[in-house]
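Chain by chain, the residues:
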Amino acid sequence: METKEYLALLKQSIINLDFDGAVKVANKAMEAGVDPYLAINEGMVPGMAVVGDKFEKGEYFLSELVVAAEVMKEGLAVITPYLKKDVSKKIGKVVIATVEGDYHDIGKNIVTSLLRIQGFEVVDLGTDVPTDKIIAAVNEHQPDIVAMSALLNLTMIKMGETIEALKAAKLREKVKVIVGGTSLTDEFAQKIGADHCAADAFEGVKKCLKWVTHQERRN
Amino acid sequence: MAEMTPRERIMAVSHKKRADKLPFFHQWTHCHTGWAERECRNRGMGLFWRRPGWRVTVHDVEITEKYTVVETGPVIRRTYVTPVGTVYEDEKRDPGVGQWHAERSWKDKAPCLTEHPIKGPEDYKVMKYIAEHTEYTTDYFPVEQAKEWLGEDGIVVDVHAHQPIQMLMLDWIGTRGGRFFIHHAKYPDLVEDLCQAISKSRESLYEIQAKSPAEFVWLADNVDSVLDNPRFFEKYLMPEYEKMAKVFHKHGKLFAVHMDGRVNNLKHLIARTPIDIIEALTSPPMGDLPIGEALSVWKDKVVWSGFPGSVYVLGPEATKKHALNLLRNVIPGDRLAIEMSTENLVSNENLTMLTSILENADLPLTEEKIDRIAASLS
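Just so you know, the sequences run in chain order A and B. For the first sequence, the numbering used here gives the first residue as 1, with consecutive numbering after it. For the second sequence, the numbering used here gives the first residue as 1001, with consecutive numbering after it.
Worth flagging that the hints you see were computed from the coordinates, not collected in a lab. One should not assume that every hint holds.
[To be verified] Cut-off 25 Å, straight-line C-alpha distance, at most; resulting in silico cross-link-like pairs (DSS-like, lysine-lysine):
1. B:Lys1092 x A:Lys133
2. B:Lys1267 x A:Lys54
3. A:Lys57 x B:Lys1235
4. A:Lys191 x A:Lys210
5. B:Lys1321 x A:Lys191
6. A:Lys73 x B:Lys1186
7. A:Lys24 x A:Lys73
8. A:Lys54 x B:Lys1246
Kindly generate the complete structure, drawing on both the sequences and the hints.
As C-alpha cells, then:
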C-alpha cells in the first residue's frame, strides 16, 4: 500500500468514528514506514477537519465530535512514539479550566482537543478550578490565552472573579481571555471584562488562532 | 367571573383551556421562604411541588456510604456490592446539603456525581444486576401530603428520575471526558442491553405513577440537544416516551418532561412525541428556541417555561425587559405557564420584578395590555 492510501484510510477512520480502524491503520502505516508527521497532518488532521465541517453543517453533533477526538487520540497514541521530539513547534499557549464549583467538561475538552490539533500547547487545569489556581497557572506557564468554561448560572460569576484576580495580579494585560458555556451571553462576557464569548468550540478556537497569528505578525 | 386560584390557572392551561391570567409559579425546590416569596404568592404566584408516589427497594445489593477525601476534595463514596461485582460512585456535596431542603446547598446547587459507577465495560454487568433487582412499590403519602398542604396554591407532580438512556448518560456513565459517548461508540451492545434492562425494571413504576393521586407525572429528563442529538433522541428517547405515555394516558395523567436545554433542532421530533407538557423550556439567551415558536410548532402541547437564570444574573431591569419581550413573543398567551426558575434560587428583587409583570398578564394577551404593564413599571 502506498503512503497516500494509508493517509486516506487514517482520514476516513476519523470521519467514520472508527476506533479499531484508526489504531489498526496507524500501526500498519508506522510499520510500513509512513512519515509520522504526514500520518498526523495529512491523514488524521484533515479527517478531523471534515468532522468539523460536518459539525458546522449540522450533519454531526457534539457527541460525534467527542468521539472523533477520542478516535484521533487513540490513533495518535500509536503514532506519537515515532515522532522526533524537537520538531513540535507550538503556535501559542492556552491555560484552560472549568471554573470553581462546576464539573462540566465536555465543551472544555472539545476545545482542548481542537486547540491541540491546531498546534497550541494547552495547560488543562480540569474542572472545579479555584481562581487562585488559575492565577498560579498563568504565572507559571505565561500563556497567550486564558480560556474558562462554565455551564451553571451559579458558577459563571467565577469567571468575572478570575478576571478581577488577573487584574489584581497585573496579568490581565498579558493574556487574552475567552469564555464559553451554555448560559453565557456576549452581554455577560462584556460585563465581566472578557475579550470574547465563544459561540461554540470551533468558533472559539478560530478566535484563539486569530489572536496568536495576529501576535506573530505583530512580533 | 371569579378570579381563578393559582392551581385553577395551571390546571386550565395544562388542559389547553384559557385561564383568566397567565399562570406563573415557583418550583418548591428553588423557592426560598421569606417576605418576597410571601408577597409574590399573595399576588398570584403558585407553587409546583415534585413528590414521588413510590418507594424503591434494591434486593441482594449491599450499599454502603462513607466520607472520604479524594484528589478533588471531600466526597461521599457510595459502594454497591453485588454477587457479580462491585462498583462505586463519588458524590460531592456543597455546604448546606441536608440542612435545608431538597438536598440543595445554601446556594441551591444539587449534589454532583464526580465519579460515576460505570467506568469501564466490566461495570455493565454489575449495574444490570442492580437494575434487575430493583423493585418499585406504591407509596402515595408524599403526594397526598403535598396536595393537602398546597390546596389551591399550586400543583403536585409525581416525580420520576431520568428515563433509561438519560440515566445511563447522566447518572450511571456520565458525560465527563465524553465517557458516555465514547462507551456508546465503543460498546453499543453493552449500552443498549443495560438500557433495556432499566426500561424493563421501570414498567412497574410507570403503572404505579399512572394511578398516583397527582394529576401529572413529571420526568426529570434534562433534555438538551447538545447531548441528545436528533438521531439519538429519535432512536432512544422517543420510544420510551411512547411507552410511558401509553400507561399514563390510560389513567388520565398528564405527562410532563423537563427539557431545559437547547432543543431547537429537536423541535420537530418533540412535536411527534406523546408528551403533554414540555416543562422548563428556557427561552434564549439560555435556550435556543423562542417560546412563541415552540408553541406554534407544538400545537397539541403545553409549555411550562423556565425563566432564564442568565437574565437574572444581569439584574431586575434585564428581568423586566426579558419578561416583557417574552410576553410579546407569546401573544395571545395560551397553552403557556411561566416558572420563576427551573435552575436556582431567585433574588428577592428579581422575583418581585417578575411578579409585578406576570400578576397583570390577563389573558388573552395583547400588545396594548403589555404596553400598559410596561407603563405601570416605568
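Status of the hints after comparison with the structure:
Proximity of Lys1092 (chain B) to Lys133 (chain A) is assessed by CA-CA distance (about 20 Å); at most 25 Å being required, the pair is judged to hold. With a CA separation close to 21 Å, the supplied pair Lys1267 (chain B) and Lys54 (chain A) stays within the 25 Å bound. For the suggested pair Lys57 (chain A) and Lys1235 (chain B), the alpha carbons sit about 21 Å apart, so the restraint of at most 25 Å is met. Distance check on the hinted pair: Lys191 (chain A) and Lys210 (chain A) sit about 23 Å apart at the alpha-carbon level, within 25 Å; holds.
With a C-alpha separation of about 17 Å, the suggested pairing of Lys1321 (chain B) with Lys191 (chain A) holds against the 25 Å cut-off. The suggested pairing of Lys73 (chain A) with Lys1186 (chain B) holds, with an alpha-carbon distance near 14 Å, which does not exceed 25 Å. The hinted pair formed by Lys24 (chain A) and Lys73 (chain A) meets the criterion: a straight-line CA distance of about 13 Å does not exceed 25 Å. Simply put, Lys54 (chain A) and Lys1246 (chain B) have alpha-carbon atoms about 37 Å apart, too far for the 25 Å limit, and the pair is violated.
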